[in-house]
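These protein sequence lines are chains A and B, in that order.
1 is the number of the first residue of the first sequence in this note's numbering; add one for each residue after it.
379 is the number of the first residue of the second sequence in this note's numbering; add one for each residue after it.
Worth flagging that the hints you see were computed from the coordinates, not collected in a lab.
Treat the numbers as computed from the prediction; the structure is a model and nothing was measured.
Any given hint might turn out to be false.
[What the hints assert, rightly or not] 35 Å max Cα-Cα, derived DSBU-like pairs, lysine-lysine:
no., chain 1, residue 1, chain 2, residue 2
1, A, K125, A, K15
2, A, K40, B, K392
3, A, K109, B, K528
4, B, K489, B, K523
5, B, K528, A, K40
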Amino acid sequence: MPNDSLKRVDFIFDKDYNCKEVLYDAFKLTRDEIVEEIIKSGLRGRGGAGFYTGVKWKYAKEEQADEKVVICNADEGEPGTFKDRAILEEVPTKVLAGMALCAKVIGAKKGFIYLRGEYNYLKPKLEQEINKFTDILRSELNFDFTINIFSGAGAYVCGEETALLNSMEGLRGEPRNKPPYPTHFGLLGKPTVVNNVETLVYAVMVFKIGAENFKNIGIQGSSGSKLFSVSGDTPKSGIYELEFGMKVSDFVNEFGDGDAKAVQVGGASGFCVPRKSFDKTTIGYQGKLKGNSLPTGGSMMIFNSSRSMYNVLHNYLEFFVEESCGQCVPCRIGTSEYLENLLALSETMRLTSKCGLGQSVGNSFSSIVENFKEEMIY
Amino acid sequence: MAEVNELVKSLSQKHGKERGSLLPILQGITEIEKSLSAEIMIEVARELNISTAEVYGTASFYSFLDTEPRGEFIIRVCKTISCDMKGKRQIVKTLEDLLKIKVGETTHNKKFTLLETNCLGWCHKAPAMLINDEVYTDLDDNKVKKIIRKYRSK
Numbered sequence: 001m002p003n004d005s006l007k008r009v010d011f012i013f014d015k016d017y018n019c020k021e022v023l024y025d026a027f028k029l030t031r032d033e034i035v036e037e038i039i040k041s042g043l044r045g046r047g048g049a050g051f052y053t054g055v056k057w058k059y060a061k062e063e064q065a066d067e068k069v070v071i072c073n074a075d076e077g078e079p080g081t082f083k084d085r086a087i088l089e090e091v092p093t094k095v096l097a098g099m100a101l102c103a104k105v106i107g108a109k110k111g112f113i114y115l116r117g118e119y120n121y122l123k124p125k126l127e128q129e130i131n132k133f134t135d136i137l138r139s140e141l142n143f144d145f146t147i148n149i150f151s152g153a154g155a156y157v158c159g160e161e162t163a164l165l166n167s168m169e170g171l172r173g174e175p176r177n178k179p180p181y182p183t184h185f186g187l188l189g190k191p192t193v194v195n196n197v198e199t200l201v202y203a204v205m206v207f208k209i210g211a212e213n214f215k216n217i218g219i220q221g222s223s224g225s226k227l228f229s230v231s232g233d234t235p236k237s238g239i240y241e242l243e244f245g246m247k248v249s250d251f252v253n254e255f256g257d258g259d260a261k262a263v264q265v266g267g268a269s270g271f272c273v274p275r276k277s278f279d280k281t282t283i284g285y286q287g288k289l290k291g292n293s294l295p296t297g298g299s300m301m302i303f304n305s306s307r308s309m310y311n312v313l314h315n316y317l318e319f320f321v322e323e324s325c326g327q328c329v330p331c332r333i334g335t336s337e338y339l340e341n342l343l344a345l346s347e348t349m350r351l352t353s354k355c356g357l358g359q360s361v362g363n364s365f366s367s368i369v370e371n372f373k374e375e376m377i378y
Numbered sequence: 379m380a381e382v383n384e385l386v387k388s389l390s391q392k393h394g395k396e397r398g399s400l401l402p403i404l405q406g407i408t409e410i411e412k413s414l415s416a417e418i419m420i421e422v423a424r425e426l427n428i429s430t431a432e433v434y435g436t437a438s439f440y441s442f443l444d445t446e447p448r449g450e451f452i453i454r455v456c457k458t459i460s461c462d463m464k465g466k467r468q469i470v471k472t473l474e475d476l477l478k479i480k481v482g483e484t485t486h487n488k489k490f491t492l493l494e495t496n497c498l499g500w501c502h503k504a505p506a507m508l509i510n511d512e513v514y515t516d517l518d519d520n521k522v523k524k525i526i527r528k529y530r531s532k
């Protein structure tokens, strides 16, 4: 069988790329035209949730406010994900260009990169890149935009955008009730766009290759490509850029060690795909969350038959017990109760928790317990 | 106490006295003192004109803001699944043997603290650990021994 669903591309790390020129051309358009182009491209957030980027920008653009804010979410904490770090290390200018583009659209003068504490070592180099870039923006593109780095302090939940905002305001990183959404009431109440690192790079790419061309990559409903962080039982661990719409079976043929029994798609908050479903599962936003099409922030962890899925699940649950912010009951109590074999609880938590953390704890639990029952019974 | 006051003052001058400056100030203190003592949190509260409970509440939320005394070098070994699968337990054991402390403890000379932490974002180069802000990946026993030797002589 030819490996036809696995299409490798190289957009993100392509260094032969002049961000300044892309921005220069984009800035000739009106703000409406820019945002329409992003909407037309079908670009969706690459952090995992998959919200339409253009729509988010449009909401913020339409807000009336003295000050608006752009935030690059670099609080990459999902187990098995490490692509944002690589982007910031290798092609930081593209991220900054994406922020500038968003700022232009919504009318923001201030931007922040929320960089997780674990990546503090990136800070000095990133600061240099920011200074270089904002100088060029000012002198050559006549665009005033400041970017500052805000360091996280070790909290997975701060990757959730409202928790991130609270953290920047000096509070505990607890998610807020939504609505209001950040595009309306964000950092200190200002309209704010929070975008993942990778999303910002693709926003620039839309202008580099054109919305129509971007749309032709991937599958309907999930246009473009995506960075995948591959780890676990694989001889080829690392970061790969692949088109949306690939089958898990093709992925496993390429990256597995020949003995893969399960792939965890989307990290601890994602879903476990067992061997029998490799053929039936594609990667992309098409369809619903459950079932045959899985969205992902790009974490792909492969487990071979030597692994106990019980141990895998136990590791995930310990992770959530520690990382639950504790503000709402279903998630705070539920994460610890999970360790006691309570399948029914996953549904309650999914329905009643305030934010994505509590809502998604059950994903890995129910899909592992359902598919690897025999390993669970000790 | 005077030193503490000075540190808090200089950080609040650098970052401002708004509530939003709280995290950068606490991070600045942690960088120098390695942990947040009750005295210093009281001082921060006074400086920003908020209650001490607010300062403690925020500090205790974040795993990189320690409220317990820590050593000069804080070792954080990643314990999440990919590192766990690639021998994290052996790495922790080696570190415990070398440093003669258990996870969560600090050596008597206050040089090392050994902790475990959640995913560091180096799953493809597991097992991984942080020592303060420095990253070490693809660890094995020999590598760990060399790294610790290097830090001992610092």
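Now for the hints, and whether the structure bears them out:
A hinted pair counts as satisfied when its Cα atoms are at most 35 Å apart, and A/K125 with A/K15 qualifies at roughly 17 Å. With a CA separation close to 44 Å, the supplied pair A/K40 and B/K392 exceeds the 35 Å bound. Proximity of A/K109 to B/K528 is assessed by CA-CA distance (about 45 Å); at most 35 Å being required, the pair is judged violated. Under the criterion of a C-alpha separation no larger than 35 Å, the hint pairing B/K489 with B/K523 is consistent with the structure, at around 16 Å.
This hinted pair does not check out: B/K528 and A/K40 have alpha carbons roughly 55 Å apart, beyond 35 Å.
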